[in-house]
Amino acid sequence: MVNDLDETIDCLKKFNTPYYQDLFKEVAYILGDANMIIFDGMGDSAKIAEYAARRFSGNGFFSAALTDPYQRVSMDGTDIVVVMLSISGDTVGLIRKANDYKAAGSTLITITASDDNTLAKMSDYHISYYINDVRNELSSHTTQVPALSIIEILSNMTLHMCHNTLQ
Numbered sequence: 007m008v009n010d011l012d013e014t015i016d017c018l019k020k021f022n023t024p025y026y027q028d029l030f031k032e033v034a035y036i037l038g039d040a041n042m043i044i045f046d047g048m049g050d051s052a053k054i055a056e057y058a059a060r061r062f063s064g065n066g067f068f069s070a071a072l073t074d075p076y077q078r079v080s081m082d083g084t085d086i087v088v089v090m091l092s093i094s095g096d097t098v099g100l101i102r103k104a105n106d107y108k109a110a111g112s113t114l115i116t117i118t119a120s121d122d123n124t125l126a127k128m129s130d131y132h133i134s135y136y137i138n139d140v141r142n143e144l145s146s147h148t149t150q151v152p153a154l155s156i157i158e159i160l161s162n163m164t165l166h167m168c169h170n171t172l173q
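Sequential numbering of the sequence shown, starting at 7, is according to my numbering.
Hints were generated in silico from the structure; no laboratory data involved.
Be aware that one or more of the hints could be misleading.
[As the list claims (entries may be wrong)] No farther apart than 20 Å at their CA atoms in a straight line, the calculated lysine-lysine pairs in the PhoX-like style are these:
(1) 31 / 20
(2) 127 / 108
(3) 19 / 31
Turn these sequences into a full structure, and let the hints steer you where they fit.
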């Protein structure tokens, strides 16, 4: 099984529908009101989390990537929004950290390839991009283009809504 470019393009086109635009706006407001934004993920999703933190920081939002799956979360999560990225949404290390973030009082936003997974069910806000999970016995080969696109859309919307700088 390989990544299907048509599937990826169809996925990206859905992001222009009213459903996704409304969801993106709602999440962008939550992100814009946060005192701090934490992005978290493992594997390839960790790299997207690092990019997201850099992108939001560059737009003037206090953000960081915490991508070590063994790092325990110990904080006062008040006014902290955590965005967790995961293709499957069922990675044990991320689920443990999500429980810690929720216990600390953080708002949890998840971005996964489907809505039928543990992280999606735990989250306060969830964005599914519905793309086939392509993997072999050793690793995932699923495209990260939809997750990257969602981060860029949210970054631009949050910047525009909070600083009114984009047209």
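Now the hints, each set against the structure:
Taking the CA atoms of residue 31 and residue 20, the gap is near 15 Å; set against the 20 Å cutoff, the hint holds. For the hint linking residue 127 to residue 108, the alpha-carbon distance of about 12 Å falls within 20 Å, and the restraint holds. Pair hint residue 19 plus residue 31 holds up; C-alpha atoms about 17 Å apart against a cutoff of 20 Å.
Figure legend: structure checked against the earlier numbered hints; every hint is met.
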